[in-house]
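K.L.:
So you can see what is in the structure, the chains are spelled out below.
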Amino acid sequence: MTLSRSARWLLRGAMALGLAFIYLPLAIVLGNSFNADRTFAWPPVRWTTEWWVRAWDNAGAREALWTSVKAGLGATAIALLLGSLVAFAVQRYRFFGRGTVSLLVVLPIALPGIVTGIALDTAFRSVLAPLGIGKGLFSVIVGHATFCVVVVYNNVLARLGRLGGNLQEASADLGADGWQTFRYVTFPVLRSALLASALLAFGLSFDEIIVTTFTAGPGVQTLPIWIFSNLFRPNQAPVINVVAAVLIVASVVPIYLAQRISDTASGGRL
Amino acid sequence: MSAGPATPAVALRGLRKSFGAVEAVAGVDLEIADGEFFAMLGPSGSGKTTVLRMIAGFEPPTAGTVLLGGRDVTRLAPFERDVNTVFQDYALFPHLTVRQNVEYGLRVRKVGRAERRARAEEALRSVRLDGLDDRRPAALSGGQRQRVALARALVIRPKVLLLDEPLGALDLKLREQMQVELKALQREVGITFVFVTHDQEEALTMSDRVAVFENGRIAQVGSPAEVYERPASPFVAGFVGTSNLLSGDAARAILGREGTFSVRPEKIRLVGPPTAPGRGAATNAPELELPPASAEEASATGRIAEVVYAGATIRFVVDLDAGARLVVTQQNLTTSSADVAALRGTPVRLAWRAEHAVAVPDPVVPTPREKESAHAYR
Numbered sequence: 001m002t003l004s005r006s007a008r009w010l011l012r013g014a015m016a017l018g019l020a021f022i023y024l025p026l027a028i029v030l031g032n033s034f035n036a037d038r039t040f041a042w043p044p045v046r047w048t049t050e051w052w053v054r055a056w057d058n059a060g061a062r063e064a065l066w067t068s069v070k071a072g073l074g075a076t077a078i079a080l081l082l083g084s085l086v087a088f089a090v091q092r093y094r095f096f097g098r099g100t101v102s103l104l105v106v107l108p109i110a111l112p113g114i115v116t117g118i119a120l121d122t123a124f125r126s127v128l129a130p131l132g133i134g135k136g137l138f139s140v141i142v143g144h145a146t147f148c149v150v151v152v153y154n155n156v157l158a159r160l161g162r163l164g165g166n167l168q169e170a171s172a173d174l175g176a177d178g179w180q181t182f183r184y185v186t187f188p189v190l191r192s193a194l195l196a197s198a199l200l201a202f203g204l205s206f207d208e209i210i211v212t213t214f215t216a217g218p219g220v221q222t223l224p225i226w227i228f229s230n231l232f233r234p235n236q237a238p239v240i241n242v243v244a245a246v247l248i249v250a251s252v253v254p255i256y257l258a259q260r261i262s263d264t265a266s267g268g269r270l
Numbered sequence: 271m272s273a274g275p276a277t278p279a280v281a282l283r284g285l286r287k288s289f290g291a292v293e294a295v296a297g298v299d300l301e302i303a304d305g306e307f308f309a310m311l312g313p314s315g316s317g318k319t320t321v322l323r324m325i326a327g328f329e330p331p332t333a334g335t336v337l338l339g340g341r342d343v344t345r346l347a348p349f350e351r352d353v354n355t356v357f358q359d360y361a362l363f364p365h366l367t368v369r370q371n372v373e374y375g376l377r378v379r380k381v382g383r384a385e386r387r388a389r390a391e392e393a394l395r396s397v398r399l400d401g402l403d404d405r406r407p408a409a410l411s412g413g414q415r416q417r418v419a420l421a422r423a424l425v426i427r428p429k430v431l432l433l434d435e436p437l438g439a440l441d442l443k444l445r446e447q448m449q450v451e452l453k454a455l456q457r458e459v460g461i462t463f464v465f466v467t468h469d470q471e472e473a474l475t476m477s478d479r480v481a482v483f484e485n486g487r488i489a490q491v492g493s494p495a496e497v498y499e500r501p502a503s504p505f506v507a508g509f510v511g512t513s514n515l516l517s518g519d520a521a522r523a524i525l526g527r528e529g530t531f532s533v534r535p536e537k538i539r540l541v542g543p544p545t546a547p548g549r550g551a552a553t554n555a556p557e558l559e560l561p562p563a564s565a566e567e568a569s570a571t572g573r574i575a576e577v578v579y580a581g582a583t584i585r586f587v588v589d590l591d592a593g594a595r596l597v598v599t600q601q602n603l604t605t606s607s608a609d610v611a612a613l614r615g616t617p618v619r620l621a622w623r624a625e626h627a628v629a630v631p632d633p634v635v636p637t638p639r640e641k642e643s644a645h646a647y648r
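Those sequence lines, one after another, are chains A and B. Using our numbering, the letters of the first sequence map in sequence onto residues 1 to 270. Using our numbering, the letters of the second sequence map in sequence onto residues 271 to 648.
Rather than coming from a laboratory, the hints here were simulated on the basis of the structure. The model shown is predicted, which means the values in this text are computed figures rather than measured ones. Accuracy of the hints is not assured; some may be wrong.
Unchecked claim - Derived CB-CB ranges, DEER-like: (1) 427(B) <-> 255(A): 46 to 52 Å; (2) 330(B) <-> 162(A): 24 to 30 Å; (3) 97(A) <-> 460(B): 46 to 52 Å; (4) 89(A) <-> 457(B): 53 to 59 Å; (5) 495(B) <-> 260(A): 58 to 64 Å; (6) 388(B) <-> 177(A): 54 to 60 Å; (7) 89(A) <-> 529(B): 53 to 59 Å.
Claimed, not checked - Taking beta-carbon pairs under 8 Å as the criterion, some of the chain B residues facing chain A (in silico): (8) 328; (9) 330; (10) 344; (11) 347; (12) 355; (13) 357; (14) 361.
Cβ atoms here follow ideal geometry from the backbone N, Cα and C, with glycine treated the same way.
Generate the whole structure from the sequences, applying the supplied hints.
P.N.:
Below you can see the structure in the form of structure tokens.
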């Protein structure tokens with residue numbers, strides 16, 4: 001499509017404005033984590049790494065980071081297992097209720113986090129707690145897994161669809177038994193899709209706050225929850241900037257890598 | 271070649287397959303001899319691919335048995351059968367190189383690395399694909415992928431090679447080239463080839479014998495010449511070649527016989543002079559130099575309804591005065607200009623040798639209620 005000169009500049013300007021609106025505030029947080037001024041006057045006059053040292057020494061923040069990592073890894077592991085199993089079932093077999101299962105698996109990502117949170121909260125307190133499964137880190141992991149499963153499911157399903165159904169048949173035809181087919185064909189072919197969706201799932205879990213609020217047991221604090229509860233304590237402000245900066249990087253890097261992997265995957269079918 | 275006293279490479283007995291209420295294969299009995307190049311020809315949905323998949327072991331039959339070399343393999347998994355398949359879309363492993371793809375069958379059989387390498391190279395040479403060993407399938411052309419798929423299946427030296435529309439994804443030139451090569455390859459390796467196709471020309475040019483499928487059954491089995499020259503039913507006459515049938519009143523008037531008869535278009539000649547009136551000097555149609563009909567030939571008069579100029583040949587669609595429509599294919603010897611289209615409407619006389627009007631038996635198609643008697647139908 002050909003656009004007039006002025007239209008082109010207008011569109012470029014609009015794009016720059018839109019992106020600036022999203023990313024400048026993030027840049028300011030990153031900048032402020034090095035701002036030596038305690039009131040965060042902008043633009044910064046002097047720079048310091050003191051806040052980063054203080055943040056590292058902050059036991060609460062470190063513990064929260066560790067909790068977030070554990071929750072992310074746990075949710076990702078559950079999502080990988082369940083998501084790829086469902087994807088296989090839906091892709092390979094035609095069964096009654098297949099469409100419904102597909103919809104029910106994808107739905108949690110569209111549900112408002114607060115609804116998921118309230119529902120899980122009720123379930124854990126009134127149904128599972130009497131059975132000895134109360135709220136704690138485990139409940140956070142389960143809560144995060146509900147939406148992480150969707151990411152894995154979608155990625156694996158897309159990959160399986162693109163590969164066509166008969167690679168497994170070809171493998172069996174050439175003499176491979178079920179285990180050999182999985183080891184030499186199915187898993188290698190899915191590897192990059194699994195990696196990409198694991199990174200995405202981890203990224204989703206790592207900065208989740210709503211579901212976490214409702215499912216975290218007493219004393220369980222993920223990094224976003226820790227930030228939220230320390231946000232209005234003035235003397236914690238410099239440390240919060242640092243933690244927020246860490247959170248930005250920790251969320252962006254997996255997403256970036258996941259996209260890179262997916263791109264190579266569609267190009268080279270690997 | 272026909273199934274002799276030796277054990278057939280593939281034998282199917284009363285084979286059936288239903289998908290829900292649909293009966294895809296409705297009773298197939300077939301024997302394929304060792305070393306035969308066998309084609310299963312039919313329109314889509316005629317059950318030929320399902321039969322192939324049951325031989326390979328991908329689909330369990332609803333009823334009947336599959337024997338490979340005399341051994342009942344009906345309940346065996348694909349990896350327990352001595353057959354290999356070349357898939358329609360080749361199904362090459364995208365994450366493996368060409369060599370790794372070809373070595374795959376040997377690798378899962380725990381063949382040593384050196385032997386694996388040597389046999390893979392030999393197989394790649396036999397399909398004339400050298401120097402691409404380290405490429406991934408995505409970096410190959412359609413024809414090259416096809417060769418890899420062939421090499422991958424042949425490297426294990428199966429008793430029977432199954433090919434599912436092996437040339438379907440190739441363009442015309444490459445397809446013609448591969449037809450010749452496949453035939454040569456089969457002669458060289460001496461393996462039984464069973465291939466599925468919907469292309470009648472492919473089936474006729476490549477195979478020793480052809481089975482024509484219709485609605486989950488075999489309508490006719492025979493050599494290409496038998497199937498083409500003596501079609502067993504109007505369906506076969508129409509599917510293998512152009513349907514050129516005379517029946518009822520037209521057959522009585524022209525041939526003086528009862529029944530349905532097939533005349534292949536290239537067996538019919540336009541002969542002169544046209545007897546019908548009305549062709550005056552006013553027409554600007556090109557002059558056709560037509561030989562006279564001989565005494566022993568059957569002949570019929572009609573009018574040219576359509577002329578199709580196809581370069582090497584010209585196809586005339588002729589409406590007979592006796593009330594049938596025949597297609598006549600003539601070598602493009604007599605006309606030199608492209609304005610043959612002006613011949614439309616010209617009265618003509620057609621002639622063919624009496625034995626070229628072949629009686630086509632009307633099929634005894636069993637109704638669904640009579641399925642149980644379908645075993646006898648071959």
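K.L.:
Run every hint past the structure and note whether it holds.
P.N.:
So, going through the hints one by one against the coordinates:
1. 427(B) <-> 255(A): 46 to 52 Å: Because 50 Å falls inside the window, the suggested range holds.
2. 330(B) <-> 162(A): 24 to 30 Å: holds, 28 Å
3. 97(A) <-> 460(B): 46 to 52 Å: holds, 50 Å
4. 89(A) <-> 457(B): 53 to 59 Å: violated, 45 Å
5. 495(B) <-> 260(A): 58 to 64 Å: holds, 60 Å
6. 388(B) <-> 177(A): 54 to 60 Å: violated, 25 Å
7. 89(A) <-> 529(B): 53 to 59 Å: holds, 56 Å
8. 328: Holds, about 6 Å.
9. 330: Violated. Min distance 14 Å.
10. 344: Violated. Min distance 16 Å.
11. 347: holds, 7 Å
12. 355: OK, holds: residue 355(B) within 8 Å of chain A, min 5 Å.
13. 357: Cβ of residue 357(B) sits 6 Å from chain A, so the hint holds.
14. 361: Holds, because the Cβ-Cβ distance from residue 361(B) to chain A comes to roughly 4 Å (cut-off 8 Å).
In summary, the structure is inconsistent with hints 4, 6, 9 and 10 from the numbered list given earlier, while agreeing with the others.
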